[in-house]
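Participant: Model the full assembly from the supplied sequences, consistent with the hints where possible.
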Amino acid sequence: MKKSFYHYITIGIVVLYLLIPLLGTFLYSFATSWHKTILPEGLTFKWYIELFGDIRFLESLGRSLILSLGATILTLIIMVPAIFSIILYAPKLEKIVQSLVVMTYAMPGIILAVGLIRAYSTSGVSMVLITIGAYFVGILPYMYQGTRNSLRNINAETLMEAAEILGASRYTAFIKVIVPNIMSGILVSSLLSFSILFGEFVLINLLVGGHFETVQIYLYQKLSQSGHIASAIVVCYFILISILSAVMIKMTRQKKETI
Amino acid sequence: MKRMNGMLLISIIPFIIFVLLFLFVPLFFMLYSSFQENGGTGFTFSQYMEVFRNTYYHQAFKNSMLISFFSSLIAITLAVFAAYSITLFSKKVQDRILVFANLTANFAGIPLAFAFIVILGNSGLFTLLFKHFGWDLLNSFNLYSWSGLVLIYVYFQLPLAVMLIYPVYQGIQAQWKEAAALLGASPSQFWLKIGVPIIMPSIAGTFSILFANAMGAYASAFALTGSAYNLVTIRIGAITTGDIFARPELGSAIATLLGLTMVLALLINEWLTRRIRRDLS
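Keeping their order, the protein sequence lines are chains A and B. For what it's worth, the UniProt record's numbering labels the leading residue of the first sequence as 1, then goes sequentially. For what it's worth, the UniProt record's numbering labels the leading residue of the second sequence as 1, then goes sequentially.
These are calculated hints, taken from the structure and not from any lab test. The reader is advised that the hints may include incorrect statements.
[Unchecked claim] Within a straight-line C-alpha distance of at most 25 Å, the following computed SDA-like cross-link-like pairs (lysine to any residue) qualify:
#, chain 1, residue 1, chain 2, residue 2
1, A, 176, B, 14
2, A, 176, B, 95
3, A, 250, A, 156
4, B, 131, A, 223
5, A, 46, B, 124
6, A, 250, B, 96
7, B, 92, A, 6
8, B, 131, A, 33
9, A, 250, B, 90
10, B, 92, A, 191
11, A, 250, B, 95
12, B, 92, A, 19
13, A, 95, B, 62
14, A, 250, A, 161
15, A, 92, B, 13
16, B, 92, A, 23
17, A, 92, B, 18
18, B, 62, A, 104
19, A, 250, B, 87
20, A, 250, B, 103
21, A, 176, A, 161
22, B, 177, A, 6
23, A, 95, B, 266
24, B, 91, A, 252
25, A, 46, B, 121
26, B, 177, A, 9
27, A, 250, B, 266
[Said to hold, decoys possible] Simulated restraints on C-beta separations:
#, chain 1, residue 1, chain 2, residue 2, range
28, A, 91, B, 147, 45 to 55 Å
29, B, 37, A, 180, 50 to 60 Å
30, B, 275, A, 5, 28 to 38 Å
31, B, 150, A, 44, 46 to 56 Å
[As the list claims (entries may be wrong)] Computed footprint of chain B on chain A; a stretch qualifies when at least three of its residues, placed anywhere within it, have a C-beta under 8 Å from a C-beta of chain B:
#, segment
32, 14-21
33, 84-91
34, 106-113
35, 141-151
36, 170-181
37, 223-230
38, 238-252
Just so you know, even glycine gets a beta-carbon here, dropped at the ideal spot from N, CA and C.
Facilitator: Written out as structure tokens, the structure is:
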């Protein structure tokens with residue numbers, strides 16, 4: 001079937017709309033100066049050198065990594081066994097988990113932040129820890145879906161029965177048989193969760209603010225100071241999420257091939 | 001049978017504790033404090049009364065709803081046509097476009113607002129370009145106004161809309177088109193009488209998801225002008241953490257009302273998706 005020109009136009013509009021801001025930022029991050037001319041006056045790496053030479057940026061990067069990675073791993077450790085048990089041993093509870101997922105959709109960061117401030121801001125508990133707990137709620141839908149689909153794909157029930165008949169205890173069977181088999185599927189939803197948390201601004205800004213500067217907060221501070229450095233941060237951020245997406249896609253494809 | 005309850009209990013208790021501590025406790029405190037006087041005492045409806053009386057907050061809800069409505073409408077219109085065009089290309093091209101949509105869906109909040117400042121801000125690339133050619137197209141446009149914010153909202157809604165609409169066309173089977181053509185229907189007749197009625201509930205469902213998504217958005221508008229836009233989420237942020245004087249009770253009341261709006265949008269979505277399933281079975 002010959003595609004008419006019209007279909008190229010509709011896709012073209014969408015792709016250009018999504019691409020132009022990215023390209024503009026990319027170009028700007030390499031420009032020496034760009035105030036009056038149509039094209040940048042020169043190209044340079046100095047913004048990147050300056051950025052990676054700034055200890056404040058490196059520290060904020062470290063905080064972002066620890067925070068996002070910590071929250072993802074914590075959620076992984078708590079959610080995977082819980083979802084596993086619920087699906088295998090208490091399927092009736094799954095409905096409740098599903099309504100929790102819907103609840104989190106109706107509570108975006110801004111609403112959750114108000115509740116958390118009211119509940120914990122005077123409790124003396126570090127608000128950074130509270131933020132990690134809030135992140136648990138934020139990525140719950142992705143983790144639940146990832147775990148459930150992986151368990152379904154490997155026929156967890158049959159595997160558990162086989163392992164137990166062979167004499168493994170339930171815990172051993174879970175750790176040695178189920179976990180290695182669902183690892184790749186869970187890793188995909190973990191990467192997705194990580195990249196969402198890495199870009200998170202609302203909760204960390206409202207709950208903790210400038211006391212715990214993450215990359216997003218650092219970027220927000222830089223917006224008004226240096227546009228070039230801010231665009232270098234945005235480019236680095238976009239490259240990071242691209243790499244994470246590439247890994248996710250590759251893993252999902254491999255999984256499909258092995259099944 | 002006893003043994004398996006042990007595993008169930010051990011694994012499920014931490015999960016329940018986390019959900020209680022970070023979902024239900026904050027929800028309860030928000031509802032509870034929305035009925036308190038300023039300073040967190042007593043029981044009163046005055047916070048809600050203030051939201052209903054004060055036209056400034058009416059305006060915030062109206063602005064949020066308008067921008068959510070229009071950004072969703074623009075994004076979904078583009079997505080409905082583009083997603084159909086995508087289905088006509090080879091599987092490889094389809095995958096590539098979807099990967100790109102998925103990638104840009106993650107590009108939101110502060111980085112997104114900044115990218116728009118770079119291309120359309122006061123000394124943005126396009127602003128300079130148009131100035132150079134002497135076009136005053138941009139004289140009437142200002143990124144820091146509502147039209148600028150709509151552009152940014154459309155950006156984060158568009159990839160989501162494409163990803164949600166794309167699978168809908170898989171439901172329209174090629175045989176239906178052939179059958180309709182054999183019976184003498186023109187392509188436009190097919191779409192008008194068969195195609196559109198089938199995809200309509202999904203489009204409406206997607207619309208309500210996009211609407212809720214935009215209603216809860218905060219970071220982009222905040223990055224652009226701080227607290228200058230009068231949006232519900234911006235008001236909640238400003239009132240709750242306020243630099244000058246915080247009124248978390250009032251913030252809680254507004255947040256509760258915003259939450260109710262989202263619940264309503266999601267209920268409409270569920271009702272619409274249920275409708276399509278019944279129709280198809």
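Participant: Are any of the numbered hints broken by this structure? If so, which, sorted upward?
Facilitator: The structure breaks hints 2, 13, 14, 27, 31, 35; every other hint is satisfied.
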